[in-house]
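Got chain A sorted already, so can you dock chain B onto it with the hints?
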Amino acid sequence: MKPSFLKATLAIVQKDLAAEFRSRELLTAMLTFSVLVILIFNFALDLNIDVRQKVTAGVLWTTFAFAGTLGLNRSMAVEKDRGCMDGLLLAPVDRSAIFFGKAISNLAFMLIVEAIVLPLYAFFYNEFRIFQLEFIAVLLLGSIGYIAVGTLLSAMAVQTRTREILLPILLFPIVVPVLIASVLASGAIIIGAEFSEIRAPLNLLIVYDVIFIAVSFMFFDFIVEE
Amino acid sequence: MIEVTKLIKRFGLKTILRGLDFQVQPGEFVALLGPNGAGKTTFLRILASLSKPSLGNVKVAGYSLPNQSAQVRAKLGVVSHLPLLYPDLTAEENLQFYARMYGIPNSQARITQVLQLIGLENRRKDLVRTFSRGMSQRLAIGRAILHEPEVILFDEPYTGLDQDASVMLDDVLRTVASHGRTVVMTSHDLIRAEALATRFDVLSRGVITASINKSDLKNNNVLDFYKQALEN
Chain A
2 MKPSFLKATL
12 AIVQKDLAAE
22 FRSRELLTAM
32 LTFSVLVILI
42 FNFALDLNID
52 VRQKVTAGVL
62 WTTFAFAGTL
72 GLNRSMAVEK
82 DRGCMDGLLL
92 APVDRSAIFF
102 GKAISNLAFM
112 LIVEAIVLPL
122 YAFFYNEFRI
132 FQLEFIAVLL
142 LGSIGYIAVG
152 TLLSAMAVQT
162 RTREILLPIL
172 LFPIVVPVLI
182 ASVLASGAII
192 IGAEFSEIRA
202 PLNLLIVYDV
212 IFIAVSFMFF
222 DFIVEE
Chain B
126 MIEVTKLIKR
136 FGLKTILRGL
146 DFQVQPGEFV
156 ALLGPNGAGK
166 TTFLRILASL
176 SKPSLGNVKV
186 AGYSLPNQSA
196 QVRAKLGVVS
206 HLPLLYPDLT
216 AEENLQFYAR
226 MYGIPNSQAR
236 ITQVLQLIGL
246 ENRRKDLVRT
256 FSRGMSQRLA
266 IGRAILHEPE
276 VILFDEPYTG
286 LDQDASVMLD
296 DVLRTVASHG
306 RTVVMTSHDL
316 IRAEALATRF
326 DVLSRGVITA
336 SINKSDLKNN
346 NVLDFYKQAL
356 EN
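From first to last, the protein sequence lines are chains A and B.
For the first sequence, the tail end lands on 227 under our numbering, and the numbers increase by one without skipping.
For the second sequence, the tail end lands on 357 under our numbering, and the numbers increase by one without skipping.
Honestly, the hints are just simulated from the structure, not real lab data.
Everything hinted at is true.
Below, in silico cross-link-like pairs of lysine-lysine (DSS-like), each with a Cα-Cα straight-line distance of 30 Å or less: (1) 184(B) with 81(A); (2) 250(B) with 3(A); (3) 81(A) with 177(B); (4) 3(A) with 81(A); (5) 200(B) with 184(B); (6) 177(B) with 8(A); (7) 139(B) with 177(B); (8) 139(B) with 81(A); (9) 8(A) with 184(B); (10) 8(A) with 200(B); (11) 184(B) with 3(A); (12) 131(B) with 184(B); (13) 200(B) with 3(A); (14) 352(B) with 131(B); (15) 81(A) with 250(B); (16) 339(B) with 131(B); (17) 339(B) with 352(B); (18) 177(B) with 3(A); (19) 81(A) with 200(B); (20) 8(A) with 250(B); (21) 131(B) with 200(B).
Chain A extracted, bound-state conformation:
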C-alpha cells in the first residue's frame, strides 16, 4: 500500500485547510498583523496622490512578507510541536509530497490574506489600480517564490529553539530577488507603465519560482532528516 504522490499531497493540503478553518489561529494572526501594518503606514505616511502611487507596491509587499513569516512559522510549528512531522515522515510516501502539500497550503493561506488585505488597502489608500489582472499575476508569482523558499526554510528553522527569530534571518536574504522584482513589477503596473518595463522583473520572478521549487523539491528530504 503506497499512495500516489498527488494523493499524498492533496491529503496534506486538505488536512491543513480543515484544521485551519476550524482553529483560525494562523489566518487570524496573519490578517491582524497585515491590517495593523497597513493602518500604521496609512497614519505614519501623510501621502499625496503621487507619493501614494510610488509606495503602494512597497507597502503591500512589506506587509505580505512579514505576515508570511508568521504563517510559515505557525504552519510548521503545528507539525513539530505534537510530533506530527514524524507522523508525516513515517508515511510511505515520497517526502517531496510533504513539501508540496505544506507549500500549497501555505500558499493558500497567503493568497487568502492577500485577497482580504487588497480591498482594505484600496479603501484606506484610495488606490484601486491594484485590482488589475497584471498586478494580481505579479502578486501570485511573487507569493509562489516566497512560499517555495519559506516552506523549505521553515522546515529547517522549526527544528531549532529560536525558530521565530531564525526564519526571517534565513528567509529574507534569500527572497530579496523576489521582493525586489515583485515591487518593481507591481509599482510599474500601478503607474501604468508599458509591458516592456515589467518584462525583466517578471522574467526574474518566473525563473526564481522554477529554480527554488526545484531546489526545495531536491533538498526537503535532507532538511527534515536527522
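Quick look at chain B alone, frame taken from chain A:
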C-alpha cells in the same frame, strides 16, 4: 523480522550507539530497557527510518535501511510519547488523514474497526484537543496500527499516563501484540514491561548488555535481571 549488526550512531563528536547488535524474530514482543541517555529512542528512530545510521546494517521486515526506507515505513507502526495527532481534527479525521497517507483501501471500514479496538468509537466525531492524555495515546496506537503493520515500535508509551489510563493502555497493547505482530517497546516501567513482553533486552552505553527470554527469568523478576545487567 529485525536484524541490526554493528550499528553506530554519531551526532557530531558524540557517539550514541557503539556497535549495537540486535535481532528480533517474527511475533516476539521485546522490551528494550535502559537508563536515560542510553540511546533507546535514538535506536528506535533509526529502526523507524527517522534517523540514518552512521555505520552498520539495519534490516526491518526484510528491507534495508536507509536505502529501502519507504518499504520499511509501509510495514511499520510507531507510537511515541508524543501522539502525532492533530488537535484541531476529530479522531475520525485524524485516522482518515493517515489512511490516505498510507493508501489504505476501504478506509472507512478499517477506521471503524480500529476505533472499536481502542475503545474510542463513541468519541470518533470529537476533536482530539478535547481528549485526555490516555485517550490521545490510545488513538495514537490506533493511528499506528491502521495500516496493519508487521512491526510496531513503542517508545515510552506510558509517559504521562495516570494509573487508570495505563491499565487501559495495557489492554490495548496486549490486543495489538496478540495479532502476531512483532513489537519492540522501550519503557522505564519494569512491571508493565514484565507483564507484556516475551523478551527483555538492556541497552546501556550504546550497546545491548544483556538479553533474556521471559521463560528464563529467575522468579519471574525482571528487576533483578535489569539491576544485574546494569552492574555488569
